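Protein chains: 2
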Amino acid sequence: MKRPLIFVTNDDSFHSKGIKLLIEIMQTFGDVVVVAPIEQQSGQSHAITTKEPLRFHKIEEKEGYTAYVCNGTPVDCVKIAFNIILKDSKPDLLVSGINHGSNASINTIYSGTMAAVFEAVAEGIPSIGFSVDNHCLDADFSYCSDFIKQITKDVLENGLDPNVCLNVNFPKDSIKGVKICHQAKAYWNEDFVQRTDPMGQHYYWLTGVYNCKDDSPRADHIAMKDGFCAITPMQIDFTAYEVLEKYKKRFEK
Amino acid sequence: MKRPLIFVTNDDSFHSKGIKLLIEIMQTFGDVVVVAPIEQQSGQSHAITTKEPLRFHKIEEKEGYTAYVCNGTPVDCVKIAFNIILKDSKPDLLVSGINHGSNASINTIYSGTMAAVFEAVAEGIPSIGFSVDNHCLDADFSYCSDFIKQITKDVLENGLDPNVCLNVNFPKDSIKGVKICHQAKAYWNEDFVQRTDPMGQHYYWLTGVYNCKDDSPRADHIAMKDGFCAITPMQIDFTAYEVLEKYKKRFEK
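From first to last, the protein sequence lines are chains A and B.
The opening position of the first sequence corresponds to residue 1 in the working numbering, with each subsequent residue numbered one higher.
The opening position of the second sequence corresponds to residue 1 in the working numbering, with each subsequent residue numbered one higher.
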């Protein structure tokens, strides 16, 4: 039987611990091709690189496993993989992560990890983003391995609905079980740190405080904080369908 | 009566023709504050700048109008505006554009113009993105002015539903009327152009061919190509609600 072809990427760069563990897990399921950013690309969302040229090169290779690094964003990595490196062999699955930091709730929209997942779902490829509520670069995510394996096995065997992908967020420590969630309503209260350069000019660092406006136990952020593996099925149609009829009457004069 | 406070931004930079016309139109409605990227930021999506410091400075000022330029992305511009420049005065409306190029269908997810709109809706501020199906930097968008005025007047008077914003896309030439649309299903067929540098290394430019998979006259891309001003009401909840119950049974074992 042909082994499935699994494409792996992330936004924390090829040199992060999270992607190493994800690659190791995916090798138990199939042949693995990696194209990952050479540098940290957190917060790059669905950005693509058009002002500078893209470059990539092979960094590791062994039986059933090839890894490349690329100077672009996570979405650039997916586009290079699907259109150049894997031009003649469509992957059976894309997995992105394991991200160092939660991509639940509002973080989804800033996330390079989830942007790679969205890019794959637009191309009709089943895709899953894995993230852990722990920014520490040296964190050990191996307590998530069994859940990652179960979810991956299920998706490889049964697929996902058309245009649907999964955003999986793990709690910081042990895991009580799985909850299917919705994306929590939340926002960031930015807190810019002002500094002054040696020429006397101000500059600012973007920092912020997270605010959750949603206390449902099925909100992804809440379920994750409650100790569950929060799986949020996602899609990339931004249409606000519930107001379409009302706005037809209002704007189509 | 207090004039409304209107915040203007874009992704084509402060030095684009589109934003100049949008500023001119908004000045007929209220006091205008602009924070726009100093350089082109197309395709930057919802990216935020965290690896480099942000800088901004005032570039123009007259009665009821102040404009700043910023070295960051469109979302950085919105965050700087809402948290530093307009810290004590919440805007009544955010408008973004007028973008040189369509942001209908799949383009929404790559768009810096629409990311600024989404950032505002997350903060509870009514927001509208305006784009024209014409990438030419020297194009004259004044044939869109009356429609922009009508939509702006309506939103200032009646607001928008909570968590809903508008993605407005104009055809390249004359406008037949308004159509309320959904986001068309579409994708890009990437076509990387390979070049070789003087050191013999390959590099790639990202280009692509647009493919629409949706032929409904109410699909935003189609309505725009049919000569209509396509208004797509949008929201930023990625949850695929239609599969939640099914996936509870499947994954919560």
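Among these hints, one or two may not hold up.
[To be verified] Heads up, simulated DSS-like pairs for lysine-lysine below, C-alpha to C-alpha not over 25 Å straight-line:
| no. | chain 1 | residue 1 | chain 2 | residue 2 |
| --- | --- | --- | --- | --- |
| 1 | A | 248 | B | 153 |
| 2 | B | 225 | A | 246 |
| 3 | B | 213 | A | 172 |
| 4 | A | 185 | B | 58 |
| 5 | A | 213 | B | 213 |
| 6 | B | 253 | A | 176 |
| 7 | A | 149 | B | 87 |
| 8 | A | 225 | A | 149 |
| 9 | A | 225 | B | 153 |
| 10 | A | 87 | B | 246 |
Worth flagging that the hints you see were computed from the coordinates, not collected in a lab.
Keep in mind it's a predicted model, so treat the numbers as computed, not measured.
Verification of the supplied hints:
| no. | hint | result |
| --- | --- | --- |
| 1 | A/248 - B/153 | holds (16 Å) |
| 2 | B/225 - A/246 | holds (24 Å) |
| 3 | B/213 - A/172 | violated (41 Å) |
| 4 | A/185 - B/58 | violated (34 Å) |
| 5 | A/213 - B/213 | violated (36 Å) |
| 6 | B/253 - A/176 | holds (12 Å) |
| 7 | A/149 - B/87 | violated (47 Å) |
| 8 | A/225 - A/149 | holds (22 Å) |
| 9 | A/225 - B/153 | violated (43 Å) |
| 10 | A/87 - B/246 | violated (34 Å) |
The structure does not agree with the numbered hints 3, 4, 5, 7, 9 and 10 stated previously, though it agrees with the rest.
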